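Colleague: Sequence order for the protein chains is A and B.
Each residue of the first sequence is one higher than the last, beginning at 1 in the numbering used here.
Each residue of the second sequence is one higher than the last, beginning at 1 in the numbering used here.
Hints were generated in silico from the structure; no laboratory data involved.
Any given hint could turn out to be false.
Simulated crosslink set (DMTMM-like; lysine to aspartate or glutamate; CA at most 25 angstroms straight-line) [said to hold, decoys possible]:
#: 1; chain 1: B; residue 1: Lys51; chain 2: A; residue 2: Glu185
#: 2; chain 1: A; residue 1: Lys79; chain 2: B; residue 2: Glu116
#: 3; chain 1: B; residue 1: Lys51; chain 2: A; residue 2: Glu186
#: 4; chain 1: B; residue 1: Lys97; chain 2: B; residue 2: Asp201
#: 5; chain 1: A; residue 1: Lys23; chain 2: B; residue 2: Glu116
#: 6; chain 1: A; residue 1: Lys79; chain 2: B; residue 2: Asp201
Calculated Cβ distances over 10 angstroms to all of chain B for the following chain A residues [stated by the list, open to error]:
#: 7; residue: Thr30
#: 8; residue: Pro33
#: 9; residue: Asp34
#: 10; residue: His39
#: 11; residue: Val88
#: 12; residue: Leu139
#: 13; residue: Ala144
#: 14; residue: Ala149
#: 15; residue: Gly166
#: 16; residue: Ala168
#: 17; residue: Gly170
#: 18; residue: Arg173
#: 19; residue: Val183
Some chain A residues judged to face chain B by a derived CB distance under 7 angstroms, without partners named [what the hints assert, rightly or not]:
#: 20; residue: Phe14
#: 21; residue: Gly16
#: 22; residue: Arg124
#: 23; residue: Leu126
#: 24; residue: Leu190
Being a predicted model, the structure only gives us computed values, none of them experimental.
Just so you know, even glycine gets a beta-carbon here, dropped at the ideal spot from N, CA and C.
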Amino acid sequence: MSLAPTPSQTVGPFYGYALPFAKGGDIAPTGHPDTVTVHGYVYDGAGLPIPDAIVEVWQPAPDGSRTGAPGSLRRDPVKGEIIGRDGVAFTGFGRIATDADGHYVIRTLPPGGAPYLSLIVFARGLLHHLYTRAYLPELTDPTADPLLASLSPERRDTLLATPDTGSAPGVLRFDIRLQYDGVHEETVFLAFD
Amino acid sequence: MTTPLTQGDISAEIADEREAYAKRVADGAPVENHPSRGYAPYRSSVLRHPKQPLVAVNGDPEAVELTGPAFGVTDITAFDHDLTRQHHGEPLGERIKVTGRILDREGRAVRGQLIEIWQANASGRYAHQRDDHPAPLDPNFTGVGRTLTGTDGEYEFVTIKPGAYPWRNHVNAWRPAHIHFSLFGTAFTQRLVTQMYFPGDPLFAYDPILQSVTDESARARLVAAYDHDLSTPEWSLGYRWDIVLDGPAATWIEEGR
Ligand SMILES: [Fe+2]
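Between the sequences and the hints, there should be enough to build the whole structure, so can you do that?
Modeller: Okay, here's the thing in structure tokens:
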């Protein structure tokens with residue numbers, strides 16, 4: 001059986017009250033010593049940062065479990081406000097709206113059993129979301145990973161988060177380029193069939 | 001100074017895109033269920049889509065994307081699915097119920113997953129700082145809802161019918177009334193953000209966002225059906241909209257649960 005899917009449409013510009021939530025990028029329990037920070041900018045084909053993109057992240061827990069856990073958007077049952085994760089359950093899911101500079105920040109724990117964070121990008125102007133992966137350098141052997149090994153070095157490098165020079169250890173940079181801007185390689189985006 | 005882009009210009013581009021698609025399919029190309037990201041009549045897409053082909057990750061049973069996030073009762077409150085009861089007073093507009101089922105492409109119900117919606121108010125204005133359309137805000141309407149799907153994949157929202165609104169894709173551009181939907185399946189590959197439209201809207205033909213779905217039957221799947229049996233006497237009108245999520249999922253999850 002194969003049903004015809006419902007088509008995608010752009011997220012548009014006005015998701016602000018609906019999708020972003022407080023601490024959406026803070027997947028790691030507060031103050032956890034193993035926390036890694038992955039941050040970067042989302043750019044368009046003119047090389048300009050995109051201030052109205054949304055980045056979602058999904059990953060296995062540090063123990064390798066892939067079931068996730070509820071509670072990413074935990075709510076105050078009295079006022080209805082989003083009060084954030086409880087700091088114990090590792091939900092594996094995060095959602096970050098880029099700020100006015102097109103910047104996003106994820107604070108998480110390294111995934112178990114996979115060397116990457118799975119990312120989705122949504123934006124006004126983007127009619128169908130895009131999948132990519134941020135590979136974490138300490139977990140990644142680029143010659144052993146089947147996806148990375150299949151790519152040319154220039155293309156492959158767009159999937160590798162890199163230590164952020166001048167920042168504290170554990171801070172990684174991962175920029176997402178929706179389109180080649182004449183200078184910088186376009187990020188590799190993925191399809192799953 | 002460049003000549004302002006008219007509806008006639010955009011409509012001509014829409015017709016060209018549709019003709020090109022019909023020719024591709026006649027020549028044996030597959031049916032396209034989703035919009036092409038480079039659909040130029042929607043001008044914001046021009047600098048915001050990749051030009052390289054997507055890299056297929058097929059046949060890797062270990063791909064993390066074959067699993068996905070979980071949500072539960074802690075992520076939802078009792079009033080989230082009723083957008084007419086989130087303030088002290090009632091919003092203005094035509095009260096409606098929107099209901100349907102979420103299935104994956106294998107026809108399996110998507111259970112216990114998160115649906116989020118957002119929409120303009122009855123006057124076509126979003127409660128968003130950057131919406132400068134000079135239509136009234138409604139102090140009793142934020143236009144945001146959430147729910148979890150039931151055991152058969154069913155969902156229900158109570159809201160008001162959103163108004164059409166202008167935008168700046170071209171001169172005199174108007175969006176048909178729509179509700180934005182965000183959906184999760186059992187796998188991250190099944191993620192969907194889309195828009196639901198109302199049957200018979202005269203703006204359909206003019207709208208490059210809806211028309212970016214060049215396949216006619218695919219486009220029809222974005223339009224809810226008015227269902228008189230879902231209308232509540234002396235209370236609200238009812239619409240049915242079933243959603244099918246694309247993309248594969250890990251079968252081991254199904255077995256493990
Ligand atoms: Fe909209």
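Colleague: For every hint, state whether the structure bears it out.
Modeller: Results for each hint:
no.	hint	in the structure
1	B:Lys51 to A:Glu185	holds (11 angstroms)
2	A:Lys79 to B:Glu116	holds (19 angstroms)
3	B:Lys51 to A:Glu186	holds (8 angstroms)
4	B:Lys97 to B:Asp201	holds (18 angstroms)
5	A:Lys23 to B:Glu116	holds (18 angstroms)
6	A:Lys79 to B:Asp201	violated (37 angstroms)
7	Thr30	holds (18 angstroms)
8	Pro33	holds (24 angstroms)
9	Asp34	holds (19 angstroms)
10	His39	holds (20 angstroms)
11	Val88	holds (12 angstroms)
12	Leu139	holds (12 angstroms)
13	Ala144	holds (12 angstroms)
14	Ala149	holds (12 angstroms)
15	Gly166	holds (30 angstroms)
16	Ala168	holds (27 angstroms)
17	Gly170	holds (21 angstroms)
18	Arg173	holds (20 angstroms)
19	Val183	holds (14 angstroms)
20	Phe14	holds (4 angstroms)
21	Gly16	holds (5 angstroms)
22	Arg124	holds (6 angstroms)
23	Leu126	holds (5 angstroms)
24	Leu190	holds (5 angstroms)
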